[in-house]
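Colleague: Sequence:
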Amino acid sequence: DSDDNDNANNLNDSSSNDKTESAVLLNARSQLKPDNFDIDEDIREIFIEEVTEVVADLEDFLPIWQQDAQDLTPLTEVRRGFHTLKGSGRMIAAKSSAELAWTVEDTLNRVINESLTLTPNIQQYVQLVFKFYFFKLVGDFKSKKEHAVDFRPLILLGQQLQQQQSLEPALEELLLLSDTLTAETKT
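First residue of the sequence shown? That's 2 in my numbering, and the numbers climb one at a time after it.
Everything labelled a hint here was simulated from the structure, so no lab data went into it.
A portion of the hints provided could be inaccurate.
Listed next, the in silico PhoX-like pairs over lysine-lysine satisfying Cα-Cα at most 20 Å (straight line) [what the hints assert, rightly or not]:
1. 96 to 143
2. 96 to 146
3. 145 to 96
Just the calculated beta-carbon pair ranges, DEER-fashion [unchecked claim]:
4. 115 to 160: 16 to 22 Å
5. 115 to 42: 42 to 48 Å
6. 57 to 168: 28 to 34 Å
7. 167 to 96: 25 to 31 Å
8. 174 to 143: 25 to 31 Å
9. 49 to 183: 18 to 24 Å
10. 140 to 94: 14 to 20 Å
11. 61 to 40: 24 to 30 Å
12. 122 to 50: 18 to 24 Å
13. 57 to 118: 28 to 34 Å
Even for Gly, the Cβ is constructed at its ideal location relative to N, Cα and C.
Given these sequences and hints, build the entire structure.
Modeller: Printed below as a string of structure tokens:
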């Protein structure tokens with residue numbers, strides 16, 4: 002679907018000075034460091050194995066949580082999965098993907114400690130980030146290929162959800178990908 006590809010293309014890292022981007026998004030783009038793909042092969046293999054296991058666990062727990070958002074058991078497991086993705090990513094200097102995982106973990110921490118009310122948008126956001134890991138990031142690390150996805154809009158989206166701000170229209174459109182993103186979606 003061309004709308005899905007257009008939404009995914011909004012995540013591409015463009016260095017153009019797009020006048021339609023907000024100052025907040027431009028600032029986010031300037032602060033996030035890229036992932037490091039130049040790491041020891043053994044460490045990379047351990048990282049890929051761990052991420053693959055975590056993503057498989059998330060694949061099991063996310064539908065359960067989506068069915069019963071008030072059940073703390075799957076919510077805690079989903080949060081734990083993103084915590085592991087954050088820690089593993091930071092260990093190998095996968096800075097941008099670790100920061101993305103941290104944004105999800107922090108959002109879910111706030112839901113668990115009841116300082117943030119769980120909304121359908123938050124659930125969509127978690128699903129969206131999971132799909133990027135599942136369909137895009139694991140393969141990028143396996144093939145040592147730089148990500149075609151710019152995580153900064155996703156991180157900013159998570160931050161706006163945490164702060165209960167009105168979502169920027171371009172970021173709100175990203176939530177639609179949570180229902181349609183597949184391995185074939187161009188990013």
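Colleague: Does each hint fit the structure? Answer for all of them.
Modeller: Results for each hint:
no., hint, verdict
1, 96 to 143, "holds, 17 Å"
2, 96 to 146, "holds, 15 Å"
3, 145 to 96, "holds, 15 Å"
4, 115 to 160: 16 to 22 Å, "holds, 19 Å"
5, 115 to 42: 42 to 48 Å, "holds, 44 Å"
6, 57 to 168: 28 to 34 Å, "holds, 30 Å"
7, 167 to 96: 25 to 31 Å, "holds, 28 Å"
8, 174 to 143: 25 to 31 Å, "holds, 29 Å"
9, 49 to 183: 18 to 24 Å, "holds, 21 Å"
10, 140 to 94: 14 to 20 Å, "holds, 19 Å"
11, 61 to 40: 24 to 30 Å, "holds, 28 Å"
12, 122 to 50: 18 to 24 Å, "violated, 33 Å"
13, 57 to 118: 28 to 34 Å, "holds, 29 Å"
Of the numbered hints listed earlier, the single one contradicted by the structure is hint 12.
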